[in-house]
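A.B. asks: Each chain is listed here by its residues.
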Amino acid sequence: MSKKEKSIMKLATAFALAFGIVPSAFAMHIMEGYLPVKYCIAWGAICVPFLAAGFFSIKKTLRENRKAMTILAMSGAFVFVISSLKIPSVTGSCSHMTGTGLGAILFGPSAVGILGIIVLIFQAILLAHGGLTTLGANTFSMAIAGPFVSFGIYKLCRGLKVNKLVSVFLAAMLGDLFTYCVTSIQLALAYPSEVGGVGASAIKFLGVFAPTQLPLAIIEGILTAVIVMTLETYALPELKSIGFSKEVG
Amino acid sequence: METIDHYAYASRMRGINPQLKAAVAMGTLILCIGADRFWVSVTVLLTMSAVILWGGGLTFLKYINLLKIPLGFLILGTVAIVIEISSRPFGYVLFHGFGHYVWVSKEGGVTALKLVLKAIGALSAMYMLVLSTPASEIIGVLKDLRVPKLIIELMHMIYRFIFVMTDTQRLMKQAAVSRLGYQDFKTSCRTFGSSAGNLFVVSLKRAGTYYDAMTARCYDGELLFLSEEKGVRPWQVMAALSYFLILILIYILVP
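Protein sequences appear in the order of chains W and E. Following this note's numbering, the numbering of the first sequence begins with 7 at its first residue and continues without gaps. Following this note's numbering, the numbering of the second sequence begins with 9 at its first residue and continues without gaps.
Just so you know, the hints here were simulated from the structure itself, not pulled from any lab data. Be careful, since some hints might not be right.
Once the Cα atoms are required to be at most 25 Å apart in a straight line, the calculated BS3-like pairs of lysine-lysine come out as [claimed, not checked]: (1) W:K66 to W:K167; (2) W:K66 to E:K157; (3) W:K161 to W:K66; (4) W:K92 to E:K181; (5) E:K151 to W:K73; (6) W:K66 to E:K151; (7) E:K194 to W:K92; (8) E:K213 to E:K151; (9) E:K76 to W:K92; (10) W:K246 to W:K66; (11) W:K65 to E:K151; (12) E:K238 to E:K157; (13) W:K246 to W:K92; (14) W:K65 to E:K238; (15) E:K194 to W:K170; (16) E:K76 to E:K151; (17) E:K70 to W:K92; (18) E:K181 to W:K66; (19) E:K181 to E:K213; (20) E:K213 to W:K65; (21) E:K213 to W:K73; (22) E:K194 to E:K213; (23) W:K161 to W:K44; (24) W:K167 to W:K44; (25) W:K170 to W:K65; (26) W:K73 to E:K76; (27) W:K44 to E:K122; (28) W:K246 to E:K213.
Predicted model only: the values in this text are computed from it and were never measured.
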């Protein structure tokens with residue numbers, strides 16, 4: 007490669023880096039067609055047991071209380087709308103919440119799996135975030151792994167008598183970060199590095215997406231805490247109706 | 009909120025049977041990703057775009073804007089795949105420092121180009137489906153695939169509620185902006201959080217009202233939706249099959 011070619015490559019890389027950060031930073035939905043077929047199938051298969059558990063848990067809830075149907079549907083729509091909104095950001099780029107941490111804290115991790123996959127389907131077909139073939143991988147990272155971590159951390163913090171808002175903040179932020187790590191690993195498994203294998207590749211993906219994802223996780227934590235605070239102030243009876251009351255107090 | 013759904017309702021291909029469109033889109037997606045060949049991806053991209061633009065009647069500018077949606081992910085992801093970091097370089101070195109080299113391998117560029125084209129090709133195949141088929145019809149296709157009734161009902165309801173809530177949210181945002189609610193970062197966070205919380209409260213109240221309305225109309229745990237019957241013409245099936253055949257032939261014949 008000549009000197010001129012080298013400088014062109016450098017310029018192109020800088021351009022790619024600068025340009026890549028400016029467009030809307032979505033919560034790292036893996037785009038349509040980005041994963042090879044066998045990974046699409048494998049991640050889809052991994053989701054099945056979690057989705058089945060969520061399905062039966064929702065079915066049980068509905069048997070006890072049929073009114074939960076509209077509440078569940080509203081909750082799903084709520085997660086969709088929240089994740090489609092532009093959130094305040096410091097840098098001026100436009101980014102979006104995932105809403106998974108909030109969902110996990112409000113509805114529990116098993117119901118969120120089912121709501122999550124439906125929301126992801128709508129995000130793919132209405133907004134083109136994510137895709138049909140990558141649905142399995144995205145469901146695993148955003149509707150299963152993230153919410154489970156959020157819920158676990160929330161429970162743990164509450165058990166350790168940590169302040170409620172701090173617990174919500176930590177749960178949402180770490181759930182978001184975990185989603186980002188899982189997505190990076192999913193991409194790394196599909197595209198291992200030539201020299202370092204999957205590990206090196208995962209580090210590359212983590213590094214490239216870090217500038218958009220780290221601030222996003224913190225903002226998501228703050229916003230989720232504010233939302234929960236508002237809900238507790240104004241909507242305690244409603245929260246009780248969706249089962250949040252068990253954790254209140 | 010301007011969604012892809014709006015374009016789907018306006019599409020000239022709306023009259024075509026949704027099952028057929030879904031089958032063509034999924035078949036093309038699988039062929040495009042499974043084959044992973046340069047020319048297959050190019051063919052898929054060109055043909056699907058042609059179908060969307062001429063068959064569906066979408067304007068070129070709108071289509072380009074839609075293709076740009078996953079651009080951020082595509083660029084970042086591909087940069088991560090192409091660039092290698094190690095203590096010894098094996099290809100073209102871009103930067104070096106701290107005892108490590110950032111380099112691009114000779115095959116890296118080709119791999120990246122193939123991957124980008126494959127992803128955009130697949131994206132165009134998905135767009136062919138979603139830009140010509142409203143979401144309610146796609147849910148109908150899922151129903152035919154024997155997805156559990158509970159999920160289908162939830163999807164139908166979520167789909168409706170999304171628009172109700174988006175509208176409520178728009179009004180709330182307007183009110184907040186006119187009262188300087190998004191003046192700076194700190195205020196924005198507070199306004200965003202409390203309006204999202206309020207949105208949830210409002211929507212839960214609405215959920216109660218909708219349930220009452222449904223019960224008043226004899227809802228007993230089963231929702232039924234009327235779906236339009238759209239027939240399949242023999243030539244459409246023939247066209248779809250020959251399209252798949254052409255893709256397979258390109259896969260076999262062109263290296």
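A.B. asks: Out of the numbered hints, which ones does the structure contradict?
C.D. replies: 1, 8, 13, 14, 16, 18, 22, 23, 24, 25, 26
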